[in-house]
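Starting from the given sequences, assemble the full structure and let the hints guide the process.
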Amino acid sequence: MSERKRTEERVKAALSELDAPDERMAEERGRQMLEAALAEREHTAQRSRVTLRAGLALIAAGTIAALAMTPAGAEVREWIADRIDSGEKNADPRLTSLPTAGAVLVEAPSGAWVIREDGSKRRLGEFDEATWSPNGRFVGVTDGTELRAVDPVGKFRWSIEADAPVTALDWSPDEGFRVAYLAGEEIHVVTGDGVSESYTAPARPIGPAWRPESEPDEAIHHLSFVDPQNRVVTVDTDSGRVLWKTGQFGVPVGSLEWSDSGQRLLVSASGFTTVLDARGNPLLKGPIAANVSGAAISPTGGEIAAVTRGPQGTDLRLIGPAGEERRLYSSGRDDPRARFGSPVFSPDGKWILLPWPEADQWLFVNTDDRRVTAVADISRQFDADGKGSARFPEVAGWCC
Amino acid sequence: MEASPRMLGSVRPDGPVLTSKREGALVKAAQRGSNEAMEELFRRHWRGAHRAAYLVVHDGPAAEDIAQEAFISAIRALDRFDRRRPFAPWLHRIVVNRAIDWTRARKARREISGETIEAWDPEAPELDLDALADSGRMEAALRSLGPEQRAVVVLRYLLDYTPGEIAELLDLPRGTVNSRLRRGLDALTGALPREDGDV
Chain A
-5 MSERKRTEER VKAALSELDA PDERMAEERG RQMLEAALAE REHTAQRSRV
45 TLRAGLALIA AGTIAALAMT PAGAEVREWI ADRIDSGEKN ADPRLTSLPT
95 AGAVLVEAPS GAWVIREDGS KRRLGEFDEA TWSPNGRFVG VTDGTELRAV
145 DPVGKFRWSI EADAPVTALD WSPDEGFRVA YLAGEEIHVV TGDGVSESYT
195 APARPIGPAW RPESEPDEAI HHLSFVDPQN RVVTVDTDSG RVLWKTGQFG
245 VPVGSLEWSD SGQRLLVSAS GFTTVLDARG NPLLKGPIAA NVSGAAISPT
295 GGEIAAVTRG PQGTDLRLIG PAGEERRLYS SGRDDPRARF GSPVFSPDGK
345 WILLPWPEAD QWLFVNTDDR RVTAVADISR QFDADGKGSA RFPEVAGWCC
Chain B
2 MEASPRMLGS VRPDGPVLTS KREGALVKAA QRGSNEAMEE LFRRHWRGAH
52 RAAYLVVHDG PAAEDIAQEA FISAIRALDR FDRRRPFAPW LHRIVVNRAI
102 DWTRARKARR EISGETIEAW DPEAPELDLD ALADSGRMEA ALRSLGPEQR
152 AVVVLRYLLD YTPGEIAELL DLPRGTVNSR LRRGLDALTG ALPREDGDV
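Top line first, the protein sequences correspond to chains A and B. What the first sequence shows, in the numbering used here, is residues -5 to 394, in sequence order. What the second sequence shows, in the numbering used here, is residues 2 to 200, in sequence order.
Simulated from the structure, these hints should not be mistaken for lab results. Heads up, the beta-carbon is just placed ideally off N, CA and C, and yes, glycines get one too. Some clues are possibly wrong.
[Said to hold, decoys possible] Computed far set for chain A versus chain B, every beta-carbon distance over 10 angstroms: (1) A20; (2) R23; (3) L28; (4) E111; (5) R117; (6) G148; (7) F150; (8) P159; (9) T194; (10) K344.
[What the hints assert, rightly or not] The calculated lysine to any residue pairs, modelled on SDA-like cross-linking and capped at a C-alpha distance of 20 angstroms, are: (11) K6/A x T190/B; (12) K6/A x E149/B; (13) K6/A x A192/B; (14) K149/A x T194/A; (15) K344/A x R110/A; (16) K6/A x R144/B.
Right, here's the structure in full:
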């Protein structure tokens, strides 16, 4: 055997020894995904007139029923039955750490705050809104008609003054070379140093979303926003060229969020959530789930976290690419009208921060094993002067 | 004389060697709506698809997503699939192309502060192998390659495709495949564990 051939055989042997992490569980999850996808295919074939929305509900019901017949299903039943009171019973009294890497940005009545992984908090100042720059190097804050960039310890970098109150900031993914924001009934794009304005268009007051670049060597600035006709529009803000726009949505669009891959755009409205591909085409026919009150797309874009309400309670569900669902958390049947805030993914996608204003709690829910860590007394922890706060703080992002 | 059965992938968890005829029957049954046939295809090909994705992206959750999405794509497109063609290359093409796309997108998001998620130079991989533990050498060496090179190496040495098949699968000139394999092999050779008799 030649030397090269022998080396090739050794490389083959060495590569065959390299396992992917968690292979067994990954295969099991893959199998569950397959079963859901096959159920979808079967259902579609049998009842082609039934909408996909109804089909997905059936798949979810079927999956839960199947789970309930297995030993693991018994655990699921117990897990659901345990959740009978408003809020988690054994919540930690204080936030002492985050469950994974990153920093959480919070908008409280007392101002904007940054929470580090070790649980330490820093108040940035009294601002209306706050948002991370893509890699967490800056925080964009608004104060009336002023847009200001500060670093994560609150140090001022630059600011601009608009003609109308500034809302809904979003930094472009190329480390914030562009910043989009809403002022009045227009969307504006400025350069990331606040020096010049590059794009303006009429828009509905919905937060714009930059599409993550797929070509690292090209300075691409593609922005999605909602136009006055309630259509999702994606433009190249440098040239002003419209890349694509959807048809008019029947209900007012409430939020837009691109996956980090730039391949999926989550479009949410009241009770309606759908996913578009990079060209604006829907990936699934119809909404991805019913009665959705809040949703977020995972960093990889493979999953959607959705808060849904039904007779069994308010749930946090994880919805896969084929519409297959997993219930991660439920308020339980005894608290069916619980209202969760919008879920927020951790940067690694392994945890979801689920705000629960009624219970004054944050829940950290693990997306793999559904572990829940609850923290109580959230409002008071962001009450700078200790006078008590009437408003539960908003989670503005969980960054890198 | 019937051709000897060809192994469709080095990485298969169990089951006998598949002949293309047998696999064609599975695909045909799957096209007719047999869930069992689709499950059999999954059982035969999941591990290879998942590992291939992982060795290109080096990210566990992403690899899982990519493998799952590849199967979803396969199911959705099954009706249009020409069952005279083998299933595995079709699936692996989806996996590898998605893995390359994902890796490029991740690279695009790297911190400009210098903390890169992945640093690589396809022309001159630089890696201090001495500083790496033996168990991680091969993975680290593979990671030092660019995603397109990794894909070619994984297709050749993990999934056992010939250079000609890889060229067809990735729509690349044969010479490009050969040069990527040559450079990839050079990089990986230094990471191989020592054999008895090595000086």
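- Does the structure break any of the earlier hints, and which numbers would those be? Violated: hints 1, 2, 3, 10, 14.
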